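Asker: The primary structure of each chain is shown beneath.
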Amino acid sequence: MLSRLRIRQDFKYFMRCLSDKVPEHDAGIPEIKTKNAKDQKKSSDATDKIQSLLKSMMAEPKISDSEYRERFTTAPERRKKQKADEEVKIEKIEESITKAAEDVAQALGGNVKQTEAELLSRVLGKINQTSTTLSDLIVGMKVDRSKDREDPAQWENRGQQVKRLVEKSKSDNIRYNQRKSTNQRDSQQTRPNRNLPQISTVNIFSGEPLGIFQKEGPVNHGTKLEVWEELDKRELLLATSQPPANYFQKMILWTEQGKVWKFPINNEQGMEEEQNVHFSEHIFLDSHLDGWCPTKGPIRHFMELVCVGLSKNAFYTVKEKKDHIMWYKEYFESKKDILQDIGVWDTKPQTSEAST
Amino acid sequence: MNNIIKFAQSATILPQWSPIFASQFHTSSALCRVVSGKYRITKKRDKPLTYEMANPPHYIAHRKSWNSWNTSSLKDGLRKSETAVEDEFIRRFITGTWHGLVCSEVIIKRQFNHIRVAVIIRRAVSPTKMYFLLGYSEEMLSNWIQCPVTLELQTVDSYQDVVFKYI
Amino acid sequence: MYTNLAIPRQWSRLACFCRSLTSVEGQKLPQAGKSSDGISPPPRIPRGPTDILQALAATVGTDPTAAHYKYHDDPYLIPLSNFRKRSYALSAEAGKKAAAWVRDQHPELFTTREWDPPMKMKTPYFNADPHIEAFAPKPIYNDETKVTEEDLVYTIKNALLEDAVKVFELLGGVDNVNEELKLYFLQLICFYNEKEPVSNEWIEERWFSTATKERQATTWKLGGLADKIFTSMDPKTPEAYCSLIKGMAKYYQAERAYALSREALENNVPLSTDVYNSLLVCIGFLKEGVTLRIEALLELLNEMNQQGITPNTGTLTSCLRSLSAWGGGKTLQNMALQIIAEFKNIGIEPNLSAYYYLLCLFCKERGPRIDILSGILTELEKKDTLEPEDVADTSFFITAMSVCSEHLQDMNLAERVHKLLMKGDNYKLVGDAYKESIYYRHLVTVACRHAPFERTMELLDTLIPNIYVPEPTVMEEIIKVLELGGAGERLSETWSQLVVFGHARRLRLVERLLDAMCACISYQDEEVKSKIRKSAADMLKFYQMVEERNENVTTRTPVQKLSAVALSNIIDLCSTGEEPESWEAIQLAVNELGSASGAGRADVISTVATTAAKKGQHALAASALTYLAECGFPEAMSASVDTLSVMLNRSTEEVETMLQGTDLQGKLQESAMAVVQAYRMAKTGEPLRERDSSESSSDSESSSDEE
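Chains as they are written, first to last, in UniProt numbering: chain A, 1 to 356; chain B, 1 to 167; chain C, 1 to 707.
Just chain A, with the same shape it has in the complex:
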C-alpha cells in the first residue's frame, strides 16, 4: 500500500516536471506513462491505479492552446526568453527527475535498470528535442546506432557483416519492445496525433457572396436536350447501380427489366390497354351489325351467333373482334349479288315486317 502511494507521488511529480516544461507538446506524456504501465502490465495490480492516473493526465487540457494564447496574450519573443530560462532550470530539474525515475523503476520491479533508463531517455529526450512522436524517437535511435557502428567499419569481412546485421536485428528487437509498450497508448489514444501541423477548420459557408446572380427571377434553363438528358440519367443510373445484394433486390431488378410478373400477381398483366376498355364492349357486339346486316333471315342469324361466340372469347381484343365482324361484312358484301338473288340480303326493315 505504501509503495503504491509512493508511486503515485512520484508519478505526479514526474508528470508535473514534464507538463511544466513543455505544455505544447503533451503527446509525450502518454508515451511515458504507458511505458511504465506496460512494464508492470501483467503482475502488479498497481497498474490500474497508475493507468487511471495517467488517463486523467492524458485528458484534454482544460484550456486549448489557442484559447490559452487568446486569454493570456503570450508574445513569441517572450516565449523564447522563457525557453532560455527553462534550459537553466533543466539542469536542476534533471536531478530530481532522475531520482523520481529511479524510484518509479524500483517500485515497478522487474528490470529496474532498464526501466529507469527507458524512463529517463524518454523524459530527457523530450526536454531536449522538440520532435515528440514515439516513432520519431525510435527512428532516431536506430539511425544513431547504425552510424556509430558504420564509421569504423570500412573494411568488412563476412564476420563483420554478420556482426552488423546482428546489431541491427538487436536494435530491431528493441524496437519491437518499444512498439509493444506503445500498444497501450494506441488503444487509449483516440484523438488525432498532435505531432502533425495543427488542423485549421474551414467552414464551407464562410465565404463572401460574389453577388452575380439575383435570388428572384424567372427560372430559365434555356434549350432542353431530351436525348442528352435521357443519356445523362442512364449514365447516372449505371454509375450507382450495384449487383443485387439479396433475393428481394434481385426481384426488383427483374421486375424493372420486365422479366418477372409484377406484384401483386395479376393475371391480366400485359393487357394494360384492355384495362381502359369496358367489358360491355367485349360482350355486346350487336351494335357492330347495325347498318349493314339484314335484320332477319339466315345471315342475321349467322352473324348473331358469331357475335355470341366472340363475346365469349377471352383472347381477342375488342379491335380484333370488330375486325372479325367486319371481315364477314366484307365477305357478304362481295357476294351481294348472289345473296340478293336468293333473297337473303335485304337490309330494309320494311321487308322484314312484310316477311313476318
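No wet-lab data here; the hints were simulated from the structure.
Be a bit skeptical, because a hint or two may be false.
Taking lysine to aspartate or glutamate pairs in the EDC-like style, the calculated list, with each CA pair at most 16 Å apart, reads [unchecked claim]: (1) Lys157/C with Asp175/C; (2) Lys215/A with Glu379/C; (3) Lys157/C with Glu226/A; (4) Lys419/C with Glu379/C; (5) Lys97/C with Glu138/B; (6) Lys262/A with Glu133/C; (7) Lys195/C with Glu235/A.
All values reported here derive from a predicted model rather than from experimental measurement.
Go by the hints and put chains B and C onto chain A.
Answerer: Coordinates of chains B and C only, in the frame set by chain A:
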C-alpha cells in the same frame, strides 16, 4: 359370407347377359406388383442408390419429396402437360450441359414465372468454369422458357457422397 | 323465323347502363373522412409493383459472415481472395453473354415451345404470355438489314451507338434522315463521342472494370460524324448548337466549344444552363494562370446572368470542378468559398460531387491540414437521403475516406463517413469494385493507425474477408496492429489468411509476420503458443513446397526463398515448444539456413543448439553450431562450449580445457566432433568456405540421427 360367394358366383354368370357389367367388373386377381420407380437388387449388392432412389414412389411426401414443385398438378391446375414437358426439357438440358457432373435428381421449383432448379454437382471442374456454366445455363433456359431461371447448386466431392445405400 | 326478339335491340342501352353502374361502385376509391358509424378507413395508397419488394429488401441487413449474394452459397463456390471474387463474378457473366450471343445469332432456335411437336412450329411464337421483351433476341444490324426510322429511334433510346450509326448510314446518312431524328442522333453521338458505351445489361463487367480516372485530354473526334451532321443542318437549331458545344466541352475540345458558343451568341441562339456548365469546366484549357482563369470564370457567370439563364447545382459543381483542377492555394480556396456562398444565396446547396471537388481543393497531399470534412459531414448528416445527381458523386466517399486516413488521420471522422455511407440507400454511392476496395483500404488503414485496438479488431472482423480483402500494404498495417496489441492468436490465424487471400508468396509480408510473432510469443498462453508454432512450421513447409514447384515449372516470377532471419525466427518460435512436429520444423529450418540469404539471428541459433543438445538431438545442435561458426558469429565459441558441456555432461571449464587439447579425434562422437570443429572454426575467426567441411558436418548429423 355365403352371400358374397353367391354374389361372386352370380357375377360369373352376369357377363353372359350384360356386357356393361362385364366391363366394370374385374374378375381376375389383381397383380399387385408395382415396378416403376423401384430398383432391382443386383447379385453382388453393389448398385449404389441415392436417398431419392432408395425410397420408392409411395414414400413421396413421407420420406422424400417431389422432384417438380408446381401448381399445375393441383386440381384445376393449368398447363399440366406443358409443365411436364418443360421440366423434362430442363432436366435434359442440365444433365447435358453439366455433363458428368450431376449427382442427383434435378429438382424444379416454380413460383409465379420464376423457375428454380436445384441440383447436386460434383466438384470435378474449377469454380470459375462452374460459374460460367451457371450463368450460361440460367440465361439459355430463361431464353427458351421465357421466364427467369435460377440454378441452386450444391457441390460434393464425388459420387460417393450422395450414395445412400447399395443394393 | 329467326330472332325477332325486342330485347337484343336494347342491348346497347343495357351496355350503357352497365358501364355507368360499374364506374360508380367498382372504380371509386374509398374516401378518407368520418363516415356515419365512426369508422374511417384510410384512403387506399396505390402501390407500384416493386414497392412491397423494396420494403422487404430494406429489412434484409448485410451479413458480414456470408459472401455477396451474387456468389453461390456453397463452400466450393465462395470466393475468398480479390482475384477469385473478380474471376467468379465475371465468369458467370461471361456465361450469360455466351448464351445471349447464341440467342442473338440464332433467334430461330428460340421461337418454339418445348411442348409443341416440330411441325406445329409457328414464328414468331413466344412461350411467355404476356410476351417478355427482355428475353427476345436483340436485332442485329448489318449491311443487308432492312431498316426503318423506328430502328433508329430504338437504337438511340437504348444507347446502342454502333448500331445507331449503322442504321443511320443504312437510312441514307446525312441527307435522307429527317431533321428531328438527326437531332436525336446528334445528341447521342455528342454524348458518347462516337464510342460505344458499356451495355447496361452487364452489371458485373461494369462493377469490376477498373475505370482509371478519365484522362483530361482532348479526345473529341474532329471532323467526325457529329461535325458532319451539324454542318448539314440548315437552319441550325439551338438544340444542335447546344449538343455540339456540350459534346465538345465534354471531351475537352475547349477552344472549339468556346468559339461555337460565341458564334451562337452572335446569332442570338439561346443557350442553356448545361451549356454554360460545360463551358465552365473547360476554362482551364483556354486560359493559363490562376488570375486569368478566375477572371474568365467570373466573366462566364456574369454572362449567364446577362443572358437570363438560371444557374443550377450543376453550375456550382462545374465551378468547383474547374477550381479544383487548377491546383491549390489560398486564392482558389477563397474563391471556392465565395462561389459556394453565392450559390447558397440563391438557394442552391452543393451536392456530393461539389463536396468532392471541395475536398480535392482543400486537402492537398502535402498542403496544410485543413479540416473541411467535418463541416461537410454535418451538412450531409442533416439530409435524409443522398440522391445521386452527378456521376462524380460516386467519388465523394472514397475521397472523404482517404482524407480521413491520410490528411486528417482522424478515426472519429472516418467512422462518421462510414456511418453515412451505410445509412439507408447510400451504399450505392460507393461506385464500383475498384473504388469500393480503395475506400475500405483507407478505412482499415486509418483504423489500424488511429483507433483503439478493440475497435480495430471489431472492424476487421466485420469487413474481412467477405466485404473486403486487404491488399498486401493493408495486411502489413494489420500485422503491425496485431503485434502492438499482442494478439498472438490472431497472428497465428493471419498466416492462414495470407494463404487464403493469395498473399502467401509475398515474402515481405511473411517475414513481417514472423517478426511480429517472435515479438509477441513470449507472453502468450501455452495454447496460443502452440498455434503460433504450428503456423510457423506451416510457413516453412509452404515455402519448401513452393520451391519444389519452382524447380519443376519455370515461372516468370519465381518465389523468393525465406531469408535467414525469417528462418531463425521460425526456429525461435518452434523452439518454445516440445512437440515433435516443431522440432522437425527446426531441423528443416536449420538445414535451410545454409542456403538462405543474409545472416540468421545468432542468439536464437545458439540457444536452440543448447536446447537441442539437452533434448539429445546432437546432430541438430551440431549443424546449428556449424552454421554459426561458418558465418563467423562471435557467439559460436561460447555456444559450442555450452553445447559440448551438455552433450558430454561435463562442466564448462572441463570442456574448455579439453578443447585446448589437440588430439580429440576418435575420442568423441561424430556430432560432438562436429561441434569441436565448429568451435575451432569460430576461434580462428576464419570462416571456412570449403564445401567439404559443411558436407562432413551434414554427414555426421545424418549418421547420428540413425543412432
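Asker: So, for every hint listed, does it hold in this structure?
Answerer: Hint-by-hint comparison with the structure:
Our distance criterion of 16 Å between C-alpha atoms is broken by Lys157/C and Asp175/C, whose separation comes to about 22 Å. Only pairs whose Cα atoms come within 16 Å are accepted, and Lys215/A paired with Glu379/C is rejected, the gap being roughly 22 Å. A distance of roughly 11 Å separates the Cα atoms of Lys157/C and Glu226/A; the hinted pair therefore holds under the 16 Å criterion. For the suggested pair Lys419/C and Glu379/C, the alpha carbons sit about 14 Å apart, so the restraint of at most 16 Å is met.
A threshold of 16 Å between alpha carbons decides the hint, and for Lys97/C with Glu138/B the separation of about 11 Å falls inside it, so the pair holds. With a CA separation close to 14 Å, the supplied pair Lys262/A and Glu133/C stays within the 16 Å bound. Distance restraint check for Lys195/C and Glu235/A: the Cα-Cα separation of roughly 14 Å lies within the 16 Å cut-off, and the hinted pair is therefore satisfied.
Comparing the model with each numbered hint stated earlier shows that hints 1 and 2 do not hold.
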